[in-house]
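> What follows is each chain in one-letter form.
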Amino acid sequence: MLISLFITCYNDTLFPETGKAVVAVLERLGHTVEFREAQTCCGQMHYNTGYQQEAFPLMRHFLEVFRGAEVICIPSASCVAMIREHFPVMAADSTDPKLIHEVNDLLPRVFEFTELLVDKLGVTDVGAFFPHPVTFHTSCHSLRSLHVGDKPMQLLKNIRGLKLTELPDSDQCCGFGGTFAIKNAPVSSAMLSDKIGSILKTNAQVCAAGDNSCLMHIDGGLTRQKAPVKCMHIAEILAATEPVSNPGSDQ
Amino acid sequence: MTVRVGNAAQAPDFPEAAKKQLANAQMRRNVRHATDVIRAKRNRVAAEMPDWEALRESARQIKAHTLRHLDTYLEQFEKACTAAGGRVHWAKDADEANAIIAAIINSHGEKEVIKIKTMTSDEIRLNPALEAEGITPFETDLADLIVQLGNDQPSHIVVPALHRNKTEIRKLFLEKMKLETLGDQPEDLTEAARRYLREKFLRVKIGIGGANFAIAETGSVCIVESEGNGRMCLTLPQVFISLVGIEKIIPEFSDLEVFLQLLPRSATGERMNPYNSIWTGISPNDGPKEFHVVLLDNGRSEILADEKTRQTLQCIRCAACLNVCPVYRQTGGHAYGSIYSGPIGAIVTPQLQSMQHSQSLPYASSLCGACYEACPVKINIPEVLIELRGKVVAAGDAPASEKIAMKTASFALSSSRRLATAQKFVRIAQWPLVHDGTISKLPGFLGAWSETRNMRSAPAESFRQWWKRRRKEQHS
Amino acid sequence: MTTSRTEILEKIRRSLGVAPEQREQNGLTEDRITEDRIAKDYGTIAREYQHSGKLDPQSRLELFSERLRDYGTSVHRCSNQQLSSTIAQVLAARHIHRILIPPGISGPWLAASDIEFVPANNGLTYAEMDKMEGVLTACTAAIALTGTIFLRHSATEGTRALTLIPDYHLCVVFENQVLETVPEAIRYMEPFSTLPLTTISGPSATSDIEMTRIKGVHGPRTLDVVLIQD
Chain A
0 MLISLFITCY NDTLFPETGK AVVAVLERLG HTVEFREAQT CCGQMHYNTG YQQEAFPLMR
60 HFLEVFRGAE VICIPSASCV AMIREHFPVM AADSTDPKLI HEVNDLLPRV FEFTELLVDK
120 LGVTDVGAFF PHPVTFHTSC HSLRSLHVGD KPMQLLKNIR GLKLTELPDS DQCCGFGGTF
180 AIKNAPVSSA MLSDKIGSIL KTNAQVCAAG DNSCLMHIDG GLTRQKAPVK CMHIAEILAA
240 TEPVSNPGSD Q
Chain B
0 MTVRVGNAAQ APDFPEAAKK QLANAQMRRN VRHATDVIRA KRNRVAAEMP DWEALRESAR
60 QIKAHTLRHL DTYLEQFEKA CTAAGGRVHW AKDADEANAI IAAIINSHGE KEVIKIKTMT
120 SDEIRLNPAL EAEGITPFET DLADLIVQLG NDQPSHIVVP ALHRNKTEIR KLFLEKMKLE
180 TLGDQPEDLT EAARRYLREK FLRVKIGIGG ANFAIAETGS VCIVESEGNG RMCLTLPQVF
240 ISLVGIEKII PEFSDLEVFL QLLPRSATGE RMNPYNSIWT GISPNDGPKE FHVVLLDNGR
300 SEILADEKTR QTLQCIRCAA CLNVCPVYRQ TGGHAYGSIY SGPIGAIVTP QLQSMQHSQS
360 LPYASSLCGA CYEACPVKIN IPEVLIELRG KVVAAGDAPA SEKIAMKTAS FALSSSRRLA
420 TAQKFVRIAQ WPLVHDGTIS KLPGFLGAWS ETRNMRSAPA ESFRQWWKRR RKEQHS
Chain C
0 MTTSRTEILE KIRRSLGVAP EQREQNGLTE DRITEDRIAK DYGTIAREYQ HSGKLDPQSR
60 LELFSERLRD YGTSVHRCSN QQLSSTIAQV LAARHIHRIL IPPGISGPWL AASDIEFVPA
120 NNGLTYAEMD KMEGVLTACT AAIALTGTIF LRHSATEGTR ALTLIPDYHL CVVFENQVLE
180 TVPEAIRYME PFSTLPLTTI SGPSATSDIE MTRIKGVHGP RTLDVVLIQD
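Residue numbers (numbering that gives the first Met the number 0), protein chains in the order written: chain A, 0 to 250; chain B, 0 to 475; chain C, 0 to 229.
What the hints contain is simulated information worked out from the structure, not anything from laboratory work. Among the clues, some could well be false.
[As the list claims (entries may be wrong)] Derived DSSO-like pairs (lysine-lysine); straight-line CA-CA distance at most 30 Å:
1) C:K53 - B:K40
2) B:K199 - C:K39
3) B:K199 - C:K130
4) B:K165 - C:K214
5) A:K229 - B:K78
6) B:K377 - C:K53
7) B:K467 - A:K19
8) C:K214 - B:K177
9) A:K225 - B:K177
10) C:K214 - B:K175
11) A:K19 - B:K423
12) B:K177 - A:K19
13) B:K78 - C:K10
14) B:K177 - C:K10
15) C:K53 - B:K288
[Stated by the list, open to error] Label-pair restraints from in silico Cβ distances:
16) B:K110 - C:E127: 32 to 40 Å
17) B:R43 - C:Q80: 53 to 61 Å
18) B:R28 - C:E127: 42 to 50 Å
19) C:R13 - B:V433: 54 to 62 Å
20) C:A87 - B:D35: 23 to 31 Å
21) B:P127 - C:Q81: 53 to 61 Å
22) A:D95 - C:D55: 54 to 62 Å
23) A:D168 - B:G436: 51 to 59 Å
24) A:A37 - B:G436: 23 to 31 Å
25) B:Q25 - C:Q80: 28 to 36 Å
26) C:I32 - B:R417: 55 to 63 Å
Note that the coordinates shown come from a computational prediction; the quantities given were computed from them, not determined experimentally. Ideal Cβ positions, reconstructed from N, Cα and C, are used throughout, including at glycine.
Looking at chain A on its own, in the form it has when it is part of the complex:
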C-alpha cells in the first residue's frame, strides 16, 4: 500500500526520529511511504488558541497537499482530532460546497499511526524487540476524540521483551493543552506534577505515547527533575528490533 505520511510541523522540527520510526515500521511491513514535501501544518495550535482565521489557510493547504493520497498516516492523535473534529466545522463555516466536499472526502483517508496499523492494516505484531519496562500515556485526544481504546496496548503487548506496566489515573490530562501550558503555566505544571507522580509509581524506564506534544511536556518535567525515565513515541518503540548478532561489534 502507498501510505502518505503527514509528519506534523512539530514532529518535523523537534522529533524527526518519530517520523523515521514510522517509515521504518511501515516499510518493514512491506508498504511504500511517500512524503509530500509541500506539507506544513494542520492548524491545530491556531485553531485551539482562537485564531480560527489563521487556521483556515492551513487547512486549505493541507487539503491541497494531500489531494488524491489514498491513505494518510499521522503520528499524532491531536492533529488527527483537529482534522476530524474541526476541519468539518471550518468547512461548514465557509459555506463553500466544494470545500465541504473536499473535507468529507479527506476524512476517511486519515489515520492516526496506531489506528492505521491495527484497523486499516490489521497488524498488531510488527516484529519489534524492546527489552525494557514501559508505561503508556494515553493522550486526551486519542482517548476522547479518536477513541483509540486498547490499540496501542495491543501493539505494545506483542513486542518481544517489553514489560508493560499500566499507568495509574491514565485518563488524566498531563497538563500540556498547547498554549495552555504557557498561558496557565502554574496550573499546567501542577497537572504535570500529578502525571509524573503516576509515571514514577510504575517504575517504568520508558514512558510512551502516541503524541509527542504530551511527551515533550512530560519529558520537560522529568528531565527537570532528573528522573530516570525516558519519553518515546510509540512508533520509535515499534521500530526497535533485535540487534543483528555480530559477536565482533562489542569489542
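We have chain A; now place chains B and C onto it with these hints.
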C-alpha cells in the same frame, strides 16, 4: 441593563487567581478528596445504566429543541402557571429580579426569608440586595449555610463548601451559632445545622428557591435536593418565590423521565436524590398561599444568538464537569472568580457578560475533553471554549505577544519553503540556550514554560531534511 | 413589568431569528402554525432509552427492597392480613408509641392496640407536627431501580408537611405499586402531574461535609417501608 454574574466582572484573571489558589495546600487537598469521591460514585452509577448514552442524547435534544422555541415555551409556562394560581414576573437583569423579589417580601411586611440553594440567586447577588433592604436571608442548604456563615464564596455548583474541611466548619459553627460544645464529626455538624435551621423553617413566612426544571406544559416547577431543606422552604412558608433562569424550561412533564435519571447520577452519584418536589401554582390546604415565579434573562437571551455556543444554556447545573476537570481539581472553584466555576463556569460566565468580562476563562482549560464526556446533556464544552477564544481574539483582547507569535507562525507555516527557513532559524536561535540537548530557560513569554519544565532542543536535522538526504542516497 | 416581558421575548426571538413583523402580520394563524411546527420538532427527539422494565415481578420487588436498603431504609414484607401486626412490630422496634396518620387512613391499618394513631386534621399546626414522633402513610407509586417512593399527597398520603416535619416516616407500599424504571413511574404519574408531587428515596441526607454521606438532615432521619403482597 446591568447583567451581573456574582462579582465576576471585578475578579482577577484566572491565571493570577489560580496561582494564589495553588498555594493553598489545605484547600487543594479538600477539593481533590471531594472530587475523587463524587467522580468515583458518578462513574459507578452511570456505568450501571445500559442506556446512559441514549439518555444523554435525548436530554441534549430535548434541551436544544426547547431553546430553539424558547419564546413559545416561556409563554406556555406563564399561561399554565398563572392558570394554576401562580404569579409570573419577568426580569431583564439582576437588578430587576432583585427589585421584584424585594417588593414581594416588602408587600408582606416581612424582614426574613429562608432560602433553598439557588446558584441563580448568587448570580444576581440577591442576598446583599435583600440585606440592603433590611431583609435577612437565611441559607438553608448545609453547604450554602457554611458559605454564608463564613462570609465565603461558593467554590462548587453542587457542593459549594467542598473547599472546607470538618475542622474549619466546626470552628465556624461554634462561633456563628454561638455553641458551647460541638463534636467534630460530620454527623455532629449536621445535627447542629438541623437544630439551628429547624426553628427558622417553622417561623419564617417567606421562602425563596430556584428551579431545576420549569415545565411549560403544566406550569410546574421541580426542585431536586437531598437534605429536605428544599421541601421545608417550599412547603411551610406562606409565600414562596422561585427565581428561574429562562433556560430552565422543559416542554413536558414526561420529559422528567430523562432528566430525573441523569441529574442525580451526574451530580451526586446517587441513583436518585432523596427528594424531588414538583408543584403547580397554589394547592388548597397544602403549602404556600402565594407563589411567584421570577423568570430571569440576565444575558441568556443573547447567548441564544450564537448557534455554536447556544448549547451552553442546555446546562442542568449538575457539576459533573467540575468533578472530572483536571484544572478545577488543581485550583478549586474560587480561581474562576465566578459563582459558576469549572468548565461550565468557563463558558457560561463570559457569555452571560457578553464577553466583556472574564475573557481569561475560556483559556482556563487544557481542552482535555473530560467535561464533554461527563456532561449529561452533552454540551461540547471544548468546542464552545474554542469558539469563545475566537471571540476574544476577534475582539482584539488577546495579548500582543501572542498575536505576534501566532501571525509569525501562520506565515512560517504557509509554505514548506518558509517552514524550512523557520526551522533553520530556530536551530540557530536556540544555540545559546541549549545545554546537553535541552533548554532549561526560554526567553520572553515562553519563559513560563521553562519555570518548571525543560524544553527539548531542535535536532540538527529536521525530518524533511532527512527525507531529502535519504532519497538522494537511495537514488545514488 | 409588561415591558420587560415584551423586551425579553423580543430579544429571544431576535436571537433565534424569529422575525417579529412576520408574527404580527400573520396574526392569530401564526400561533397555530408555530404550535404545529414545534409539536413536529418535539416529535423528532430521539428517545432510544429504556422505557420499561425487563424484570419478572419477584426480581423487581427484590430490586426495590435492595435499593431501599442501600439508602439505609428497612423493608418489611408481609401479607395484607399481617399489615397491622407488621406496623406494630416496626414501630415497636423504633420505640414509637404515638404516630400521625393522614385523614384517609382507617380500618385494618390501625388495628395495633399498643400504638396511638393521631389523625392529622386540618387544624394541626407545623409546630404540633414537629412535636410528634413520626407519621404513617400510603403512597401512589414506587420505582424499583432507584428505590423511590412517589407521593401525590392524597388523603392516605397526607399533606407535604406531614411526611416532612416528623423525624420518622413509615410508608406502606403495595407490591402492585412498584414499577421498575423511572420512565414507567413518570408516565404513571402523568394524570396527577399538576398535583403537588414528592419523590422520596431514602431518608434525607447530605454529603456537604467532606463528602461523607450523613443520613437525616431536615427531612425524616428514618424511613421504613412495609411492602405488602398482592
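> Run every hint past the structure and note whether it holds.
To see whether the hints hold, each was checked on the structure:
Under the criterion of a C-alpha separation no larger than 30 Å, the hint pairing K53 (chain C) with K40 (chain B) is consistent with the structure, at around 25 Å. Distance check on the hinted pair: K199 (chain B) and K39 (chain C) sit about 48 Å apart at the alpha-carbon level, beyond 30 Å; violated. Between K199 (chain B) and K130 (chain C) the alpha-carbon distance is near 16 Å, which keeps this suggested pair within the 30 Å criterion. Restraint check for K165 (chain B) and K214 (chain C): satisfied, since their Cα atoms lie roughly 17 Å apart, inside the 30 Å limit.
About 67 Å separates the Cα atoms of K229 (chain A) and K78 (chain B), which puts this hinted pair outside 30 Å; it is violated. A distance of roughly 27 Å separates the Cα atoms of K377 (chain B) and K53 (chain C); the hinted pair therefore holds under the 30 Å criterion. Note on K467 (chain B) and K19 (chain A): the hinted pairing holds, with a Cα-Cα distance of about 12 Å set against a maximum of 30 Å. For the proposed pair K214 (chain C) and K177 (chain B), the alpha carbon gap of about 25 Å is at most 30 Å, so the pair holds.
Proximity of K225 (chain A) to K177 (chain B) is assessed by CA-CA distance (about 54 Å); at most 30 Å being required, the pair is judged violated. Among the hinted pairs, K214 (chain C) with K175 (chain B) is consistent with the structure: their alpha-carbon atoms are about 24 Å apart, no more than 30 Å. Pair hint K19 (chain A) plus K423 (chain B) holds up; C-alpha atoms about 19 Å apart against a cutoff of 30 Å. The straight-line distance between the Cα atoms of K177 (chain B) and K19 (chain A) is roughly 72 Å, outside the 30 Å bound, and the hint therefore fails.
With a C-alpha separation of about 20 Å, the suggested pairing of K78 (chain B) with K10 (chain C) holds against the 30 Å cut-off. Taking the CA atoms of K177 (chain B) and K10 (chain C), the gap is about 49 Å. The hint is violated against a cut of 30 Å. At roughly 43 Å between alpha-carbon atoms, K53 (chain C) and K288 (chain B) are farther apart than 30 Å, so this suggested pair is violated. Roughly 25 Å separates the CB atoms of K110 (chain B) and E127 (chain C), a value that falls outside the hinted 32 to 40 Å.
Checked against the given bound of 53 to 61 Å, the beta carbons of R43 (chain B) and Q80 (chain C), roughly 40 Å apart, lie outside it. Roughly 46 Å separates the CB atoms of R28 (chain B) and E127 (chain C), a value that falls within the hinted 42 to 50 Å. The hinted range of 54 to 62 Å is satisfied by R13 (chain C) and V433 (chain B), whose Cβ atoms lie roughly 57 Å apart. Distance hint check: the CB atoms of A87 (chain C) and D35 (chain B) are about 45 Å apart, inconsistent with the given range 23 to 31 Å.
Between P127 (chain B) and Q81 (chain C) the Cβ separation comes to about 58 Å, which falls inside the hinted range of 53 to 61 Å. Between D95 (chain A) and D55 (chain C) the beta carbons are some 58 Å apart, a value that agrees with the proposed interval 54 to 62 Å. Checked against the hint of 51 to 59 Å, the C-beta distance between D168 (chain A) and G436 (chain B) comes to roughly 30 Å, which is inconsistent with it. For the hinted restraint 23 to 31 Å between A37 (chain A) and G436 (chain B), the CB-CB distance of approximately 30 Å keeps it satisfied.
Look at Q25 (chain B) against Q80 (chain C): about 59 Å separates their beta carbons, and that is not inside 28 to 36 Å. One distance hint, 55 to 63 Å for the beta-carbon pair I32 (chain C) and R417 (chain B), holds here, with the actual separation near 56 Å.
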